[in-house]
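Residue numbers (numbering that gives the first Met the number 0), protein chains in the order written: chain A, 0 to 334; chain H, 0 to 505.
Incorrect hints may have been included.
[What the hints assert, rightly or not] Chain H is faced by these chain A residues, among others (derived, beta-carbon under 8 Å):
hint	residue
1	ILE211
2	GLY213
3	GLY271
These aren't lab readings, by the way, just hints derived from the structure by calculation.
Remember, it's a predicted structure, so these values are computed and weren't measured experimentally.
Glycine included, every Cβ here is placed at the ideal spot set by N, Cα and C.
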Amino acid sequence: MAEIILEKKSRILSFAKFRELGLLGFIIILAVFVQLRNPSFLTMENINDMIKNTAILSILSVGMMLVIITRGIDLSIGATLALAGMISALTVSSNPHMSPITTMLLGTAVGIVCGGIIGFLVSKTSILPIIATLGMMNVYRGLTYMVSNGRWVSANQMPASFKAIATGKILGINTLIFIAIVIYIVFFYFINYTRTGRQIYAVGSNPDSAKISGIDNEKILWMVYTIMGALAGLAGVLWVSKFASAQGDTAMGYEMNVIAACVLGGVNIAGGSGKISGIILGSLLLGILNNALPLVNVSPFWQQAIQGIIILVAVIINALVKRSVDRNNLIRRKI
Amino acid sequence: MNDFILELDNISKSFPGVKALNKVKFSLRSREVHALIGENGAGKSTFIKIITGVHQPDSGDIFLFGKKVTFANPTVARDKGIAAIYQNTTCFPDMTVTENIFLGHEYVERRTNRILWKKMHERARELLRSIGSNIDPEEKMGSLSVAQQQMVEIAKALSQDAKILLMDEPTAALTNREAEELFAITRRLKEAGTSIIFISHRIEDIYKIADRVTIFRDGCYVGTWNISDITRDELIKLMVGREITTLFPKKQAKIGNELLRVERLYRAGVFADISFKLHEGEILGITGLIGSGRSEVAQAIFGIAPADGGQIFIENRAVKIDNPLKAIKLGIGYLPEDRQIQGLVLPFSIMENITLPVIEELSRRGWLHRTAEYIKAKELAELLRIKATSVFDRAYSLSGGNQQKIVVAKLLAARLKVLILDEPTKGIDVGSKAAIHEIMSDLACQGFGIIMISSEMPEVLGMSDRIIVMHEGRVTGEFDREEATQEKIMEAAITKRIHQRIAEVL
Chain A
0 MAEIILEKKS RILSFAKFRE LGLLGFIIIL AVFVQLRNPS FLTMENINDM
50 IKNTAILSIL SVGMMLVIIT RGIDLSIGAT LALAGMISAL TVSSNPHMSP
100 ITTMLLGTAV GIVCGGIIGF LVSKTSILPI IATLGMMNVY RGLTYMVSNG
150 RWVSANQMPA SFKAIATGKI LGINTLIFIA IVIYIVFFYF INYTRTGRQI
200 YAVGSNPDSA KISGIDNEKI LWMVYTIMGA LAGLAGVLWV SKFASAQGDT
250 AMGYEMNVIA ACVLGGVNIA GGSGKISGII LGSLLLGILN NALPLVNVSP
300 FWQQAIQGII ILVAVIINAL VKRSVDRNNL IRRKI
Chain H
0 MNDFILELDN ISKSFPGVKA LNKVKFSLRS REVHALIGEN GAGKSTFIKI
50 ITGVHQPDSG DIFLFGKKVT FANPTVARDK GIAAIYQNTT CFPDMTVTEN
100 IFLGHEYVER RTNRILWKKM HERARELLRS IGSNIDPEEK MGSLSVAQQQ
150 MVEIAKALSQ DAKILLMDEP TAALTNREAE ELFAITRRLK EAGTSIIFIS
200 HRIEDIYKIA DRVTIFRDGC YVGTWNISDI TRDELIKLMV GREITTLFPK
250 KQAKIGNELL RVERLYRAGV FADISFKLHE GEILGITGLI GSGRSEVAQA
300 IFGIAPADGG QIFIENRAVK IDNPLKAIKL GIGYLPEDRQ IQGLVLPFSI
350 MENITLPVIE ELSRRGWLHR TAEYIKAKEL AELLRIKATS VFDRAYSLSG
400 GNQQKIVVAK LLAARLKVLI LDEPTKGIDV GSKAAIHEIM SDLACQGFGI
450 IMISSEMPEV LGMSDRIIVM HEGRVTGEFD REEATQEKIM EAAITKRIHQ
500 RIAEVL
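Given these sequences and hints, build the entire structure.
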């Protein structure tokens, strides 16, 4: 028995390592390749820019990861982001003296309400997440147009203190990046070192068993969608501050980028697994592709196609490896 | 009276449409292994779920250490010292061994509620060592073998300081040696003061490990005996119990040429060494307990989940079947166990369902020939006496029995020779059951070869010309119609492999 266990262990370890190391390796190769073609890629300024652009994406992908771990999906976050961004922008433009912190809290609160409603629909009425969030996506998008009467809130209507959220620095780090790092740390602790955090994994890994183990599945589901909403709301404020404009069609379709970042980062779309380190790398890879492909003169049309292909390849490799692991497990069962 | 630590009295539990438990009772002494046995559907699993608080009984009382209790949910039962190892290990495959062991009662720092991983890993390692296993607690549960997962489940029960441990079919997925290890652990637990409720289909297990045995049959309590007071033949007889009274409209069809031959069919981890023949006009019954691999064999022949090895011959021609379309073209039809999921397109009309497999023949250049479709469907619907206002009725509007007839009609529409029927009468009313049996008999007379997979003993005995019994992925018995009895089949279905026994003798 001992030999079997040892042999097995090494194989699994190499698989787990492969996932993250593979991604990291790919990022490095990509970076070196782009650098050779265009030396302005790895300059301090460009790197800073790249990470700044990835910050919002990676904040959202933390929430999306939690949702996907519970076997769900949230299509509404682009709309939630737009609604929260719009409401904060409107509020701040009529109250120019509002502190940036209050604005962020306001956006987060809007997001919590939006996410809470979806959480209610998914956990209490057992509507499939994809349907519930598709429906609410349209509701929130419509609300965004309604509260703004279809008008934009443009840069000159926003006070400087608000726009400074995206440009300012805390401890020498850009505020967006700083917030993203704080969120990583908080959620890393939450999902790895608290009971509630581990229960999220249990619910996604085996819902029936979770119920038998005395976990309140509904509560967990409600919670993850609310967290997702909160992060989307916060991201809405950051987004509007960064682009210095709030529009009805802000972040239209952005949820797909977020889902892509999660999938690239090794979050299993069937639920049960996903790591913070994975989605950081996943978001980073997407960010680098966005930044680097224009630098090496890839046409914008090709950029999207290339991104799509990379995501597919990552998922296929993942599926193949998983299948062979499953098969090996079956073979080891003697009859 | 008060030496019982757990007593259940007059427990009844119904689910929509079924009475799962009818006034059953059960009592557990301190430091005993009490076996609970019964056929499929005898209510054992429901019973366990009542003790662990997953289900609440409709009526009846539970006494724990002489005090009346109710288990409102699994957490309450766990806090009172009841732990369970379920039939299909209910683990979390994506989480580590440690987490599986401690889920719900993690070690946390008192002030901050932070999970103390290091302490948990250490304790998990200790627990696993104490039952003689050296599984790495940081490994993912999903990468362990079933036997190892079982070890983790036991460690989990230990970590809860369980006074009462329920084991539901713990040996079902284990090899003999692994099972022996499990028995040794069970004995040790018993000596340490745990009381164990042991559910198993394997009679050997019960004689090896149990002190007393209780039998359930069809949701009712049959009796409790000291294991030394009852022989294994008596046990089997009491488990099967009933007299066969239903009449089966079995006509003796002429057995003709060989239609299908399967040789040494094998699929990794599911079944092995399956060989049988099927002739024209023959009904071959395949039976065995749930999880014996019978449906999987059928699905391998039909190409849903192809076998890894072995050969299939159709009319003496070796064929390779790797998808259902190929199987249909070769003349094999499969009626799945779950008709609503696999057998029918519920929103379609009766006609559309029946003609689905032959839609190519009924169309010209891609255009459907509605009249031909209608004639074909009507003919078959009348043949099978499907009760509906017209063939345009939607499938979901019909009763279970009539839905089943549509699935059979669907098979008949395609020109087939071999029909595989997986639980053809499960969950349908008595009248429709008789009708389906009659249809099967007629089909056999017309020269079809039929493989019927069934758990219902009377049906197997009443309809089959030959019976194959499977246990844990292998054939453990083969009987002709004349020699088969309930007891012989049950014995083959629950006891050690025949082949292995022969090998041991030789």
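Checked hints:
1. ILE211: holds, 5 Å
2. GLY213: At about 4 Å, which falls below the 8 Å cut-off, the nearest Cβ of chain H leaves the hint on GLY213 (chain A) intact, so it holds.
3. GLY271: Hint on GLY271 (chain A): holds, closest Cβ of chain H at ~4 Å, below 8 Å.
Against the hints set out earlier in the document, no violation occurs for any number.
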